[in-house]
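Turn these sequences into a full structure, and let the hints steer you where they fit.
First to last, the protein sequences are chains H and B.
When you line the first sequence up against the UniProt record's numbering, it's residues 1 to 231, in that order.
When you line the second sequence up against the UniProt record's numbering, it's residues 1 to 231, in that order.
Hints are computed from structural coordinates only; laboratory data are not their basis.
Just so we're clear, the structure is a prediction, and the values are computed from it rather than from any experiment.
Heads up, some of the hints might be wrong.
Stated by the list, open to error - In the DSS-like style, the derived pairs of lysine-lysine whose C-alpha atoms are separated by at most 25 Å in a straight line are:
#	chain 1	residue 1	chain 2	residue 2
1	B	K54	H	K54
2	H	K158	B	K183
3	H	K158	B	K158
Protein chains: 2
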Amino acid sequence: MAGKKVLIVYAHQEPRSFNGSLKKVAVEELSKQGCTITISDLYAMDFEPRATRKDVIGALSNPQFFNYGVEAYEAFKKRSLASDITDEQKKVQEADLVIFQFPLYWFSVPAILKGWMDRVLCQGFAFDIPGFYDSGFLKNKLALLSVTTGGTAEMYGKTGVSGDFRYFLWPLQHGALHFCGFKVLAPQISFAPEIASEEERKAMVASWAQRLKTIWEEEPIDCTPAWYFGQ
Amino acid sequence: MAGKKVLIVYAHQEPRSFNGSLKKVAVEELSKQGCTITISDLYAMDFEPRATRKDVIGALSNPQFFNYGVEAYEAFKKRSLASDITDEQKKVQEADLVIFQFPLYWFSVPAILKGWMDRVLCQGFAFDIPGFYDSGFLKNKLALLSVTTGGTAEMYGKTGVSGDFRYFLWPLQHGALHFCGFKVLAPQISFAPEIASEEERKAMVASWAQRLKTIWEEEPIDCTPAWYFGQ
Chain H
1 MAGKKVLIVY AHQEPRSFNG SLKKVAVEEL SKQGCTITIS DLYAMDFEPR
51 ATRKDVIGAL SNPQFFNYGV EAYEAFKKRS LASDITDEQK KVQEADLVIF
101 QFPLYWFSVP AILKGWMDRV LCQGFAFDIP GFYDSGFLKN KLALLSVTTG
151 GTAEMYGKTG VSGDFRYFLW PLQHGALHFC GFKVLAPQIS FAPEIASEEE
201 RKAMVASWAQ RLKTIWEEEP IDCTPAWYFG Q
Chain B
1 MAGKKVLIVY AHQEPRSFNG SLKKVAVEEL SKQGCTITIS DLYAMDFEPR
51 ATRKDVIGAL SNPQFFNYGV EAYEAFKKRS LASDITDEQK KVQEADLVIF
101 QFPLYWFSVP AILKGWMDRV LCQGFAFDIP GFYDSGFLKN KLALLSVTTG
151 GTAEMYGKTG VSGDFRYFLW PLQHGALHFC GFKVLAPQIS FAPEIASEEE
201 RKAMVASWAQ RLKTIWEEEP IDCTPAWYFG Q
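As structure tokens, then:
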């Protein structure tokens with residue numbers, strides 16, 4: 001939709017990968033709509049995943065005992081967070097929609113993207129206590145996970161060996177995104193592109209592009225245990 | 001138990017933290033039993049969490065198109081994985097029990113520990129296709145997650161705002177550990193040490209030490225959806 005701002009947080013090493021294709025069509029379709037798109041290409045940025053003392057510029061509030069959460073919160077308030085964190089926070093702040101594009105690693109995000117969540121979504125910026133879940137600070141923003149899997153849709157069915165795909169979405173969509181207030185749109189899951197035919201891969205990319213045409217009309221999911229674990 | 005080998009994968013920045021205390025008593029108690037203990041102190045090692053081309057020494061099997069999973073699998077078979085990965089794989093190979101000691105970050109492990117899982121538990125070493133879940137290559141080993149949380153036990157109750165704590169354990173215990181064949185022992189969850197009294201913290205540390213006295217007699221959990229999501 002014209003005027004909307006979209007941040008794509010992208011975590012794949014290979015530009016010509018299937019994840020790269022999904023990112024590319026998203027940029028094409030959203031640009032066509034007149035959206036402003038920003039991309040955080042985490043591997044290309046060599047984004048730092050580790051949460052360490054380096055994230056605080058200057059003195060710590062307690063040099064004798066390092067508590068990352070406390071120090072990041074204090075540094076956010078004093079504007080003394082490392083610039084790679086504040087750069088990402090600016091991008092999130094300006095975005096109406098944040099799309100996370102990544103391959104599933106161990107039922108979760110790759111470490112480089114987990115580090116983005118650990119470091120960028122700090123207390124004071126994304127939430128406070130109180131000020132989380134429905135009152136999280138990012139509550140006027142949309143978030144969407146676009147995930148590729150190694151396993152097939154059958155493996156990720158309710159009775160599949162890997163359990164329903166909604167199970168592994170809980171920590172990411174509820175524990176992280178909903179906690180920060182994001183309204184979560186339904187995930188875009190592209191199952192097993194590596195064992196799919198070229199035609200099937202093209203169809204998965206096309207369906208993502210197709211969905212994006214009406215993405216601004218979508219209602220967020222009901223981010224409760226029932227959505228994830230209900231029968 | 002005398003002769004048993006234990007690997008503790010530890011992910012906290014502050015040695016004097018509550019996580020540090022839990023690690024310390026585990027070393028004390030298991031040493032008393034005559035176990036051999038190895039510790040991977042991830043922050044002290046500045047462990048690399050990013051899964052990149054640097055993980056493969058020498059030529060790639062496909063320099064035109066980087067597929068991390070494929071390249072890591074080929075590098076494992078050709079013994080050309082980066083030494084920080086093979087060093088950890090040796091520690092896992094020798095261990096009878098792997099204890100993961102970490103604070104919960106976004107319903108999951110900190111990125112530095114996620115990177116350990118992403119990079120160390122590669123195809124060929126921890127599993128193959130086929131050769132996963134009950135036939136995963138680490139099937140003769142035990143694994144245990146010792147987790148500290150920010151939220152209280154009430155928040156992580158079935159009807160709490162954060163949902164049952166078993167929900168967030170699914171990707172870690174089933175998707176990663178069980179997939180590699182590990183027999184998973186019940187998690188040790190220390191709820192909200194930061195808001196607990198000194199006495200309560202001491203009691204949590206003591207109960208962990210107490211549990212470790214009989215850890216070798218414990219039966220693994222039934223790593224099925226029922227354990228996580230059953231009523």
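How the hints compare with the structure:
no., hint, in the structure
1, B/K54 / H/K54, "holds, 23 Å"
2, H/K158 / B/K183, "holds, 23 Å"
3, H/K158 / B/K158, "holds, 20 Å"
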